[in-house]
Structure formats: structure tokens, C-alpha cells
Amino acid sequence: MKYICSICGFVYDEEKEGVPFSELPSDRVCPACGAEKAMSDPVKENMPQSSVAEDISSDNSHDMEKLSSGALSLLFSNLARGCEKQYRPHEQKMYQEIADFFSAEAKKEKAEGDLVSLVNDNLAGVYKTAEASATAAGDRGALRARLWSYKVEMIARTLLSRYEKEGEKMLENTSVWVCSVCGFVYIGDSAPALCPVCKVPSWKFEKVE
Amino acid sequence: MKWKAVRNLRLCTKDCLCLYVCPVGATDTEDSIIDVDKCTGCGDCAAACPSKAISMIPAEMPLPQEKKDEVLTGMRALLEAKSRERLLASALSEEGPDGKRRLMRALEKSFRLSGEDIAREAGFMLPQQEESLNLLESILDNPPQGFPEDSARAILSSFRKGDR
Ligand code: SF4
Ligand code: SF4
Ligand SMILES: [Fe+2]
Chain A
1 MKYICSICGF
11 VYDEEKEGVP
21 FSELPSDRVC
31 PACGAEKAMS
41 DPVKENMPQS
51 SVAEDISSDN
61 SHDMEKLSSG
71 ALSLLFSNLA
81 RGCEKQYRPH
91 EQKMYQEIAD
101 FFSAEAKKEK
111 AEGDLVSLVN
121 DNLAGVYKTA
131 EASATAAGDR
141 GALRARLWSY
151 KVEMIARTLL
161 SRYEKEGEKM
171 LENTSVWVCS
181 VCGFVYIGDS
191 APALCPVCKV
201 PSWKFEKVE
Chain B
1 MKWKAVRNLR
11 LCTKDCLCLY
21 VCPVGATDTE
31 DSIIDVDKCT
41 GCGDCAAACP
51 SKAISMIPAE
61 MPLPQEKKDE
71 VLTGMRALLE
81 AKSRERLLAS
91 ALSEEGPDGK
101 RRLMRALEKS
111 FRLSGEDIAR
121 EAGFMLPQQE
131 ESLNLLESIL
141 DNPPQGFPED
151 SARAILSSFR
161 KGDR
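Chains as they are written, first to last, in my numbering: chain A, 1 to 209; chain B, 1 to 164.
Please keep in mind that the hints were generated in silico from the structure rather than gathered at the bench. Treat the numbers as computed from the prediction; the structure is a model and nothing was measured. The reader is advised that the hints may include incorrect statements.
What the hints assert, rightly or not - Which chain B residues face chain A? A few, computed with CB under 10 Å, are given here: (1) 21; (2) 24; (3) 92; (4) 146.
Claimed, not checked - 35 Å max Cα-Cα, derived DSBU-like pairs, lysine-lysine: (5) A:107 - A:16; (6) A:93 - B:100; (7) A:85 - B:68; (8) A:16 - A:204; (9) B:52 - A:199; (10) B:38 - A:169; (11) A:199 - B:38; (12) A:110 - B:14; (13) A:66 - B:52; (14) B:14 - A:108; (15) A:199 - A:16; (16) A:66 - B:14; (17) A:93 - A:44; (18) A:110 - B:52.
Built from N, CA and C at the ideal position, the CB exists for glycine as well.
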């Protein structure tokens, strides 16, 4: 039997490895991307793609005015990046200024709560509803963005739970890397050759000091 | 499609051919940014540049496809979720031992990048699209204290120059 990592596609072949997947330690992570063991699924012939038949919540009352300062900050910093790609440095600077204003506003309120449970709640909640609505509408752009974000989030969850268990030892004498395109986080001495989520080369990774 | 020339300042050596070939003098500017008002989009400078520093890009970006309301609702909820995660990671990166700080700084960056990507798909793809400009205007209607109003107005006038 073979097992495939649902984050990066790494295949574990029981025959070649000589150890059944089920007998690997429960804290075993994917050697390619660091995803937890439970993220790998058995490879079946003609594996059906995960079918999403969730009922879409009928609450469609989205309201622009209701975007929080934190969300506005992300929205405007992305528009600043858009200006950069279009070689519009003046507009880039001004959009970034607006993003920084909202970021500072958002940070005035003390962020509280437990990050692990927030991540878990989001994985079980908003990610599912966003997938259902984008699937129903056949919106490939939204599906792509949701999937990258979801994969990156699964890795974040794995790292957070590893840190809870291992503490500082997990990060001693090693580096933390972030893919500057999709946000994939990697712990290791050097950045991976290819980002397992968005497939950009290692030089797109930034080391976090 | 109508095109215009843009120069990548990181590649440009600032000393050569495009200055001579441009028929309208659009490449010769103080800040090295090609003058969009003069450029006719002929492409001569891009072809002449020995450093491949000039690209031709569409003068007007095609409008992004319209999004269904349900998709906007879903993606905006996700955007808010990423924002909360980012703010929490940011707060956590300011306390505790070095390893934890680095991990939280990495997560803050990660959540921000995801959030920005989600924002594009939440109906704010391009800096010049109507939704983005309308949002700026609605903030200007009742700006929070300290909001950089001049910058918002300057963005509006720069992107709306054509049709106003
Ligand atoms: S595209 Fe033509 S008009 Fe525009 S800057 Fe280049 S040479 Fe000048
Ligand atoms: S020809 Fe190319 S390298 Fe030379 S000044 Fe123009 S853009 Fe810069
Ligand atoms: Fe990536």
C-alpha cells in the first residue's frame, strides 16, 4: 500500500520502506513538508477527489463597512503589492501607508485567545464554508487561494502542536523559513528546494531572524 | 490592446539606449520611472534595452471576473479569520524565548501572506478596480482619526484620471 501526503504529494511506499505506515510513530511528519502523519491518505485506484457537499450557510449578508481594521490592513497591503507588480511605486507607497495605518489600528486592541484553538476552529469552520461556496460557484481563483491557505494552515497547526510538545528544543540550532509567495513555514537548516505548496524555488524563501 | 513601457529599476543601468530611441522622450525622467502620460506604447525602448530592464504591460488592466455573492461572503469570512490569526501571532511574537518568537514571527508573516492572497479573491484583486476605489471613497466619507486622507485622495485621482 502507498500513502500520499495531502499537503505536498509525497508518497510513502510501504513495500519500498519495509515498514507499514500504521506502524510509524504517531508524531512522524512528512519528510518533504513537515505535515503530520494524519494528513497522509492511502492511495486508492481512481481516488475520487474530496467531494464537498456541505450545505452553504444561507447568511449572505456581507457588508463592506464591516471589514475590521485588521482585514483592511491585509486588503490594502495586497493592493500595494499589486501596484508593485504593475510598476507603480507612487501608488504602492500610498496603499502601503493606508495598510500600515489599519495595521496599527488593529494592534491597538489587545489580541487575546489561544492560537491553537483559533486555528482549529478556522480549519473546521470558515475554510469549509469558503470551499463549499467557491465549489458551488465554480470559482477557480477562490478555490486555489483557499487551498493554498488551507495547506499552509495545516502546517501551521502541526508546528504549533510540535512546539507545545517539544518546546524550545524544536527550534534550537535550526532556522525558520517562510515562503514569500504562499506563506508555507519550514523548520530546517536550509530552505527546501521547492515550496511544497506553491512550487516556487528555494530562493523565494525568507529566513526569520 | 494598448501597451505601455515600465522599467525595472533593479535591472536598469541608467545610462543608455532607451534614452535615445524613445520618440517622445518618455524614458528620460528624473526618478527613472517612464512617463506614462507621454509613452505611446511603441515598444522601441523595450527592444533596444541591453539589460532587458523594460517590459511592455497593458495600459489598462482587464477587469477581473465578477464574483458571486456567496463566494465573496465565504472569502471575506476567511479574510477576517486570517486577520485574527495574524494579530494573535504578532502579539505572541513579543514575549517568551527566542525560538517561540521566531516561530510566531514566521506565523505572523505566513498568516499575512495567506490573508493578502485571500483578499484578492474576496473581490479586491487590482489596485485600480472599482471595488478598491469605492472602498477608499467610503472610508473617506467618514475617515477614522489619523487616516492618511491625502494618500487615499491621491490614489483615487491617479487611477480615475482617465474617466473623470
Ligand atoms: S514604448 Fe515607445 S513611447 Fe513608450 S517609452 Fe518606450 S520608446 Fe518611448
Ligand atoms: S536601455 Fe535599459 S538599461 Fe539602459 S537606461 Fe534604458 S532601461 Fe536602463
Ligand atoms: Fe510557497
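Do the hints match the structure? See the list:
no.: 1; hint: 21; in the structure: violated, 19 Å
no.: 2; hint: 24; in the structure: violated, 18 Å
no.: 3; hint: 92; in the structure: holds, 6 Å
no.: 4; hint: 146; in the structure: holds, 7 Å
no.: 5; hint: A:107 - A:16; in the structure: violated, 51 Å
no.: 6; hint: A:93 - B:100; in the structure: holds, 32 Å
no.: 7; hint: A:85 - B:68; in the structure: holds, 26 Å
no.: 8; hint: A:16 - A:204; in the structure: holds, 33 Å
no.: 9; hint: B:52 - A:199; in the structure: holds, 26 Å
no.: 10; hint: B:38 - A:169; in the structure: violated, 60 Å
no.: 11; hint: A:199 - B:38; in the structure: violated, 39 Å
no.: 12; hint: A:110 - B:14; in the structure: violated, 48 Å
no.: 13; hint: A:66 - B:52; in the structure: violated, 45 Å
no.: 14; hint: B:14 - A:108; in the structure: violated, 44 Å
no.: 15; hint: A:199 - A:16; in the structure: holds, 26 Å
no.: 16; hint: A:66 - B:14; in the structure: violated, 46 Å
no.: 17; hint: A:93 - A:44; in the structure: violated, 51 Å
no.: 18; hint: A:110 - B:52; in the structure: violated, 48 Å
Comparing the model with each numbered hint stated earlier shows that hints 1, 2, 5, 10, 11, 12, 13, 14, 16, 17 and 18 do not hold.
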